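Order-wise, the sequence lines are chains C and B. Read in numbering that gives the first Met the number 0, the first sequence has 109 at position 110, and its numbers run on one by one without any break. Read in numbering that gives the first Met the number 0, the second sequence has 206 at position 207, and its numbers run on one by one without any break.
No lab work stands behind these hints: they were computed from the structure. It should be emphasised that the depicted structure is a prediction, and the values quoted were computed from it without experimental measurement. Hints are supplied without guarantee of correctness; some may be wrong.
[Said to hold, decoys possible] Here are some, though not all, of the chain B residues that point toward chain C, as calculated from beta-carbon distances under 10 Å:
1) Glu163
2) Gly174
3) Glu176
4) Ser241
We put the beta carbon where it would ideally sit given N, CA and C, even for glycine.
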Amino acid sequence: MNMKWNFVASFIFLLLILALPMKTYAHGARIEYTVDVTIEIVAMYDNGEPMAGAQVVVYAPDDPSTPWLTGVCDDDGCFTFTPDISKPGIWDVQVRQAGHGDMVHIPVGEDTATTAAPGGYTVFQIILMSACVIWGFAGTTLYFLRRRA
Amino acid sequence: MRKRVFFLAAAVLFVVSIIPVGCVGGDVEVGTLQFHANGEDFVRQGFVSKDGWSIDFDHVYITLADITAYQTEPPYDPHAGVNINGKVTVSLDKVYTVDLAEGGEDADPILVGEVKNAALGHYNAISWKIVKASSGPGAGYSLVMIGTAEKDGKSIDFNIKVDEEYGYSCGEFVGDERKGMVQEGGIADVEMTFHFDHIFGDADTPMDDELNVGAVGFGPFASVAGGGKLDVDMVGLQSKFSAKDYQALVDILPTLGHVGEGHCHCH
C-alpha cells in the first residue's frame, strides 16, 4: 500500500516539476524560419513561341477538381507560384490559350504524401493488420482468463 | 469454464462484427464513367476555313474502337510517345460509329458508352482507335464528313470519306473543367475530342498560326469538285490533289484526336 502511494506521489511531483515555467532571458534571440518552394513554369507552343498571356490554373492535391490558384503567363510564357507545402502530393498546372493547352504534374513533398496517403494499404497489409487485431483480442481474453483461473 | 466461454465468444463476436463493415464498404465503391466524343462547335455550328469557305456539317461519322480510360501514376505524358501504363483501366468493348454533328448547334458531346461499375479514382488518361466501320452510314471508312461549303455565292455539297486508321494515347482532358474523377455512386466522364479546324484551318485564327500553316483549307477540295458536288475518298484525293496538298492532308489527319485542348500521341 505504501509503495503504491509513494509511486503516485512521485508521479504527481514529477508532473509539477515539468509544469513549472522555464526561466527566460531578456536579451535572448529567437529565429524562426519557413521553407517555401517556389515553382516556375514556362509555357510555349511546339514551335518555341512563348504562350504569353495564357490562362493558368493550379490544382492542389487535396482538392484536384477545384482551382487552387488562377493567373496568366507573362510575356515570356512564365508563371510563378508558391505551393502550400502542407499539402504534399502532385500539384497539377494547366495552361491554355486559343484552343491550345497542356497540363503538367509537379510532385511536392512526395515522400510525406506517400506516408500520409489514406487508404493506400496493400492486401497483405490489411490481412496482417486484421490478424494482429484478432490475436490482440484473443490473447488479451486468454490472459485475463488465465489469471482468474 | 462458463466465464471462459463467455469471454471467448464476446471476443470473436466483436472481431466478426468489425470485419464485414470493411468488406461491404469495398464492394460498393464504384461509380459510373461515361465516354464522350466531341467534334466541338466547329462541327455543331460550322465555321469559316482559313481560305474563306463557310463550312456546315450535316453529318460527321467517325468509328471508334478499343476505347479505354486509365488511372495512371505518374500521370501519362503524351509527349513521351509511349503506350499508357495504367494501374486501373475501364474499357468499352464494342466498335462505335457516332455522328459528331448530331443534335443542334448547342448539343452536348455525343455519349459513346458508359461503364457503371468503374473503380473509384481519377481516370487521367485515355486511348482509342479510329477504325473503318464494317456497317452503317460510314461503312468502309473511319471518317465521313458530309456537308456544304459556301464562298462568294458558290456552294459545294461535299462527302469526304477517309479510310485511314489511327490510334491515340492521351493524357488528361485539358479544358474548362477536370474530367474523369469517379466518386462513389457518382458519374464522371472522359472525352475524345476531334479538332476539324486542323484540316480546314480557321479564319478566326491568325494565318501565321501553326494551326493554319499546317491546315489544308477547303480550297483544294473545292478545286476538285464538279457541278457543285464533291464525293471523294482518299484514293480519289490522291489522284486529284496536288502532291503537296495530299501530303498536307495525310500529315494533318493524325492530329485530329485530342482530349479537350490537350494533344495526344498518335500511332
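Exercise for review: Return the numbers of the hints above that this structure violates; sort them in rising order.
Suggested key: 1, 4
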